[in-house]
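K.L.:
Sequence:
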Amino acid sequence: MIDEAWKALDNAYFAERLSNWLVTARKQNTVAVMMTQYASQLERTQTGKTIVEAVPTQILLPNIRANASDYAMLNLTEKELDVLVNTGSNSRLALIRDDQGSIVVDADLSALGPNLTILGGMEKGEALVGADYRDRPDFWRLS
Numbered sequence: 621m622i623d624e625a626w627k628a629l630d631n632a633y634f635a636e637r638l639s640n641w642l643v644t645a646r647k648q649n650t651v652a653v654m655m656t657q658y659a660s661q662l663e664r665t666q667t668g669k670t671i672v673e674a675v676p677t678q679i680l681l682p683n684i685r686a687n688a689s690d691y692a693m694l695n696l697t698e699k700e701l702d703v704l705v706n707t708g709s710n711s712r713l714a715l716i717r718d719d720q721g722s723i724v725v726d727a728d729l730s731a732l733g734p735n736l737t738i739l740g741g742m743e744k745g746e747a748l749v750g751a752d753y754r755d756r757p758d759f760w761r762l763s
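The numbering of the sequence shown is our numbering, which starts it at 621 and goes up by one.
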């Protein structure tokens, strides 16, 4: 998991290693999560094009501050672009795309209620179900 991926890709050593790794990692069923606020930030890196080509599945969130040119490198369709730039940032929609096409999903997890806190672990989750919740497969029924 690489937050602010564009910054890591500005480092020549890291960019080369990641670029080589991504090309071969697919064969090993690997998951790589690279996050950036603007897709255009990848365009300004040495290996951005390789990254976009090597990552078969992209999960994109709406950004009302973005415009069409920010997504040029991703070759989005008009409908995909419309979802990303015209959907309010408070929505829970996400665009998931791969080489087969794209789909918009509603990622609103509010229906999970306190279970979301529990699944997040940490002290708040443990306070709701007890520190031993990992040893009790039905812990979620108690919430």
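No wet-lab data here; the hints were simulated from the structure.
One or more of the hints may lead you astray.
[Said to hold, decoys possible] Okay, derived cross-link-like pairs now, SDA-like style, lysine to any residue, Cα gap no bigger than 20 Å in a straight line:
| # | residue 1 | residue 2 |
| --- | --- | --- |
| 1 | Lys669 | Asn706 |
| 2 | Lys627 | Asp690 |
| 3 | Lys627 | Ala686 |
| 4 | Lys744 | Pro734 |
| 5 | Lys669 | Gly708 |
| 6 | Lys669 | Ala625 |
| 7 | Lys699 | Ala731 |
K.L.:
Can you name, in rising order, the numbers of the hints this structure does not satisfy?
P.N.:
Violated: hints 1, 5 and 7.
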